[in-house]
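Residue numbers (my numbering), protein chains in the order written: chain A, 2 to 172; chain B, -7 to 418; chain C, 9 to 526.
Everything labelled a hint here was simulated from the structure, so no lab data went into it.
All figures in this text were calculated on a predicted structure; none of them were measured in a lab.
Warning: the hint list may mix true and false statements.
[As the list claims (entries may be wrong)] Simulated pairs of lysine-lysine, BS3-like, Cα-Cα distance not exceeding 27 Å:
1) A/LYS37 with A/LYS22
2) B/LYS228 with A/LYS37
3) B/LYS228 with C/LYS69
4) A/LYS37 with B/LYS136
5) A/LYS22 with B/LYS228
6) B/LYS24 with B/LYS136
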Amino acid sequence: MSGAAHPPEGTEAVQPVFVGKTLADLERILTRYPTKQAALLPALWLVQGARGWISDRDVAEVAEVLGLTPAYVKGVVTFYTMYHQHPVGRHFVQVCTTSPCNLCGAEAVVQALLECTGANELGATSPDGKWTIIEVECLGACGFATPIMIDDDFIESVTPGTVPELVKKYL
Amino acid sequence: MGYPHKPHPKETVVLSKYFGDAEARSYKGWVKRGGYEALRDALKQDPGTVTETVKASGLRGRGGAGFPTGLKWSFMPKEKKRAHYLCVNADESEPGTFKDREIMRWTPHALLEGTAIAAHAIRAEVAYIYIRGEFTEPFAIMEKALAEAMTAKVFGDLKIHLHRGAGAYICGEETAMMNSIEGKRGNPRIKPPFPAASGVFGMPTTINNVETLAAVPHILKHGAEWHQKLCLSNPKSTGTKLFSVCGHTARPGNYEVTMGFPLKDLLYDLAGGLPPGRTLKACIPGGSSVPILNREETESTLLDYEGCVAKGTMLGSGGVIVFDDSADMVYQIMRLARFYAHESCAQCTQCREGTAWTTKILERILAGQGKTSDLDLLLELSENMTGKTICVLSDSCAAPVVSGIQKFRGEFEDYITGKKRPVLAA
Amino acid sequence: MADSVINLTIDGAPVSVPAGTLVIEAAKQAGVLVPHYCYHPGLPVAGVCRMCLVHVEKAPKLAIACATTVTEGMVVHTQSPDAKAARQGVLELLLINHPLDCPICDQAGECELQDFVFQEGRANTRYAEYAKRFNPVEDFGPDVLYVPNRCILCTRCVRFMEDVALEPVLNVSERGDRATIGIHPDARLDHPWAGNVVDLCPVGSLLSKDFLHKARAWELDKTASVCTGCSQGCNVTLDLRDHTVVRVRPRPNLAVNRYFICDHGRANYRWMNRGDRIEAPLVRDGAELRAVDWDEALARVQGIVRGAGGRAVTIANPRASTEALYLARRLFARLDWTGAFQAVMGEEAALAGVPNLALRAERAPNGAGATRLGYTRDLAGALGAAATAAVVLVLDETEVAVPTAGALIYAGTVLPESARSAAVVLPLANMAEEDGTYVNRDGRVQRYFQAKPTPGMARPAWWALGELLATLDGGEAPGSAAEVFEQLAASVDGFSGLSYATLGLAGQTMPAGARVPT
């Protein structure tokens, strides 16, 4: 699972996603299931891996490839919170603030991240385009409070004190 | 064990034996540690025999429901007319629970071996391991382990596929998981039909939790009686369980103890008690969907299915969340309600609207705009949300609310009367 | 293979239904309507609204009646305190985000949310959080508006498009209380049967642009009728306000259209309200047509028909009733008669998930009736015969000019230019202004009912032609369309045994192998 690829600002990616290696990946995935529809979640991951997010155009392409309708695929995309429906910053940060982590200071970690990255507002992309930070629900690492994800990296035991160094590592 | 991985003397180390042992992740390392012998033996046995062994062992589902595993396997059709499927629930998203992640990170082959034995018992040709999308590291480790095991051809004809989730707690509900595998929104299905009759792709299916399957090779290796003997209290609760201790605790981590172990000892002894200068206020023993225990109840609860029910709560997933006297119960319950409101799939009216309304009432109370009638309203709303929906997410939201108001009413009233200052903006 | 019968008790009443029946359907037999939203007999069961919760004895929890199958000896209570409390809870929750739009909402008066809240809901709200979720109105397509704020997420519309139209163009988007019905931005809800989602929507969330703000539900007079859009013969209800047809809705008929009509039929009602009608009988007076009373006009026609010898031709509009077509042939029994009609053709559009249901290529409701009464589709041949015929009767056909050397009698609703050379013009009622029958493409004879009064001096065709025949044959004129149908049934092979009484509201299929009269 590589990090998200971002097309340079201003250019429209009009090429189809499912060509070359990505298409080969999808074809391999299709052999795992008795229906094409079952490859939908994996296909959407392939799109997000290639494009960084899933646009309406991508939705239509996935629909065509799998024999589904665009509306159907869009309904699935909007159900699952990990699929981005809009472009996000270079680094997408998810911070768990559900009760077990909340008890251990997760909200302070969120504040530290917002300040340190300049994003300042949850869900917004920082002015330099590098960071988008959101609060998420339980990440399944409650004993390692506070866990955060930066892109595909799962980082345990983050505290306000360790935030600055962590942010520096990803700049 | 806490971190670094060093077992406490009072733990019964079975599943967690190789936590922290990086070599155990590899196929070779696993075989060196006695791995895949149980699978080899199981494949020689009749599927029915394997099922009977697991039935006799008393193993119960470790995902939260505690349904007898062997009995669940026996629900699959006796006559093999259609394709059978096994789905492995690695969607671990229950707040307070972090055991399946550890099993996959450290002993991926344990899960694969258990999966293969279960697949043999239910005569499944294909097994899907549904791993939540956020578990990028466990996914990579499982991928590698699966590739190695496939190369070594240990699974026979069985096809095991990893299926990545995409951020939905509700996909941990077994019928929602099946829908998610089929490429649909993760909506739970109405039952009947039950998965063993019509499951994924309409075919007979069994769904098992990661920890449940990790226990299976041990049962096959050491026998049902060995598992039955691992019991400190009620004979209907046998084996060991990984309890994920988190929150206000000195040594958070997964602790493996025999069923029936006193919760008091888990908290004060194994997990090192509370942070310095703090006292215990409350504890949720089984993940956020079960009722909250107060201090007195916590200190007298035995950790098995019946012991928890006796205290008015449930063993659930074994996610033990500890609240010390500094915890704001109202705020934490609000945060739990918000969790359920975010995760509701939107099918049932009670859940879709009720989880959001519950959250809003609690936020309003925390913003200093609560009324005394709000507490009765919350209780009535929770009653409306219990036992009336397709799945139990709705009930799960109600559990901490009802138990919270019952046992910590004073804290709610403090916000309502103004004795406590608002902590949220109006 | 006989279905076994299950006996159970619902609200104290004994009920016997075939095995496999849902409790919600079985309840209807006991005269009990279990409140519900997401359930619909024409859609697959969803079980999501939770409104139909009922108490089943010996069951651990309340059960949803729409997804519970009857079992022998089951005892169901729909009015038990726990069931009522649960349903009241559902209604309260539906109303916390549902705006108080009744005064401006089209659905008011025919709204299932209003109905059940009035019946079982709380008198006032406890929702003190003030801010309700807000989303702007969306235009889904040619006729459908979506008002997300009013949506109760019953998903009937999604299931209709996915499982009945077999084109999943609607979805549920987002999760939790952020969920709404969605459509892909590049898509439009232009499926030929999409308008049904407006009927299916229990509240005023999916609205018809055509009907928007036209009338209040309680101002509408509703009449059973049959769609005139094509030869499928879907059963409909005409909704009228002040004697004007303002809406067409499907009327359930499991043998024809189940619960649905297509958008073409739905829009096919404006012609019923035309104002440019022939207002009085007209007879030729030199170069002019002079308005007269019915007696004089009928006498003039009588004279023409009595004096005619040789050929007679009837060119009929295939929207004419079976009764009118029958009499229009009998009128010329003495003569060498040719009857023909022209049906406009269009593209067929099936409702894929329902067998044998489509917008049919033949855009006329009674082509089959006309055929069974001896009319042909060979219009060219008929026109050829008409040119030299002694008498030609044009029955409400405005699109075909019929030049003739003989006498032209035009009987219809509007007067086309080509008919201004007629010897006699008779003003007729249109199908919304009379009782009658149509025969659909499957040979099903179906009644339609008078929905509005006839304008001016217009009369139903069966009456005018019936009067004529009475004076010509010396019998008694029929006093009703039913009587005409009786005569028809007695003398035309395929209709024997049928009557208005037996046709009822659902119609009947003609016996197979009926001889077409030569």
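Each hint, compared with the structure:
no., hint, in the structure
1, A/LYS37 with A/LYS22, "holds, 19 Å"
2, B/LYS228 with A/LYS37, "violated, 43 Å"
3, B/LYS228 with C/LYS69, "holds, 25 Å"
4, A/LYS37 with B/LYS136, "holds, 25 Å"
5, A/LYS22 with B/LYS228, "violated, 52 Å"
6, B/LYS24 with B/LYS136, "holds, 18 Å"
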